[in-house]
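K.L.:
Sequences and hints are given; from them, build the entire structure.
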Amino acid sequence: MAWMRMSSMLLAALALVAAAATPGEAGGDHGASKFRVTGTVLCQDCTKNWNAYAYNAKPINGSLVAVTCLDKHTGRTVFHGNDATDKEGLFEVEVPYVVNGCHLDPSECLVRLVYSGDKGCAVLTNFNSGRTGERPFRPYRSCPTEVVYSAGPYYATLPQCDVDDDEKSCS
Numbered sequence: 001m002a003w004m005r006m007s008s009m010l011l012a013a014l015a016l017v018a019a020a021a022t023p024g025e026a027g028g029d030h031g032a033s034k035f036r037v038t039g040t041v042l043c044q045d046c047t048k049n050w051n052a053y054a055y056n057a058k059p060i061n062g063s064l065v066a067v068t069c070l071d072k073h074t075g076r077t078v079f080h081g082n083d084a085t086d087k088e089g090l091f092e093v094e095v096p097y098v099v100n101g102c103h104l105d106p107s108e109c110l111v112r113l114v115y116s117g118d119k120g121c122a123v124l125t126n127f128n129s130g131r132t133g134e135r136p137f138r139p140y141r142s143c144p145t146e147v148v149y150s151a152g153p154y155y156a157t158l159p160q161c162d163v164d165d166d167e168k169s170c171s
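So for the sequence shown, our numbering puts the first residue at 1; every next one is plus one.
No lab work stands behind these hints, which were simulated from the structure alone. Any given hint could be a false lead.
Unchecked claim - Capping the alpha-carbon separation at 35 angstroms, the derived lysine-lysine pairs in DSBU-like fashion look like this: (1) K87 / K48; (2) K119 / K87; (3) K72 / K34; (4) K58 / K119.
Unchecked claim - Restraint ranges, calculated between C-beta atoms of paired labels, are given here: (5) G120 / H80: 20 to 30 angstroms; (6) E146 / V99: 15 to 25 angstroms; (7) T74 / S129: 22 to 32 angstroms; (8) N51 / H80: 31 to 41 angstroms; (9) D45 / N100: 42 to 52 angstroms; (10) T77 / N56: 36 to 46 angstroms; (11) Y53 / T132: 19 to 29 angstroms; (12) Q160 / G101: 41 to 51 angstroms; (13) G31 / D162: 37 to 47 angstroms; (14) E146 / N49: 39 to 49 angstroms.
Beta carbons: idealized from backbone N, C-alpha and C, even for Gly.
P.N.:
Take a look at the structure:
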């Protein structure tokens, strides 16, 4: 009789684990009506020493980050939103899960850096796919009223740091 209780408890635990794993999958709205995409845009200065270049990037105010979501059946743009970064380089774009009857899947959206707010640090890099676009795939915060995806950080750099093709450069 004890083994039956143990096996039913084990089955119940497995069911809980399976249910808990489902919300982490891409595209789940977790009961929320919209999701947010947040991140930062920073300037990397390659003229500084390596530690300053790698760890002391400066926030860029006024950069534009866009989120474009496609209908997964037709491939057409269903939603396009953007946000300018604040003085800390932070952006936040809210995206509804349903637009004109079309249910949006965050993994069908593309987040990308459109332009830098600093004319001196305006060469967009593709670090974290900032220039070509990144797809949100796993929320970092999820509850019944809120789902938040993190994107980036995205970087811009100085014109003298721009290298067209690393294989052609002297190293």
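K.L.:
For each hint, tell me whether it holds in the structure or not.
P.N.:
Results for each hint:
no.: 1; hint: K87 / K48; in the structure: 22 angstroms, holds
no.: 2; hint: K119 / K87; in the structure: 15 angstroms, holds
no.: 3; hint: K72 / K34; in the structure: 17 angstroms, holds
no.: 4; hint: K58 / K119; in the structure: 14 angstroms, holds
no.: 5; hint: G120 / H80: 20 to 30 angstroms; in the structure: 28 angstroms, holds
no.: 6; hint: E146 / V99: 15 to 25 angstroms; in the structure: 19 angstroms, holds
no.: 7; hint: T74 / S129: 22 to 32 angstroms; in the structure: 24 angstroms, holds
no.: 8; hint: N51 / H80: 31 to 41 angstroms; in the structure: 38 angstroms, holds
no.: 9; hint: D45 / N100: 42 to 52 angstroms; in the structure: 44 angstroms, holds
no.: 10; hint: T77 / N56: 36 to 46 angstroms; in the structure: 37 angstroms, holds
no.: 11; hint: Y53 / T132: 19 to 29 angstroms; in the structure: 22 angstroms, holds
no.: 12; hint: Q160 / G101: 41 to 51 angstroms; in the structure: 50 angstroms, holds
no.: 13; hint: G31 / D162: 37 to 47 angstroms; in the structure: 45 angstroms, holds
no.: 14; hint: E146 / N49: 39 to 49 angstroms; in the structure: 40 angstroms, holds
This entry satisfies every hint, going by the numbered hints stated previously.
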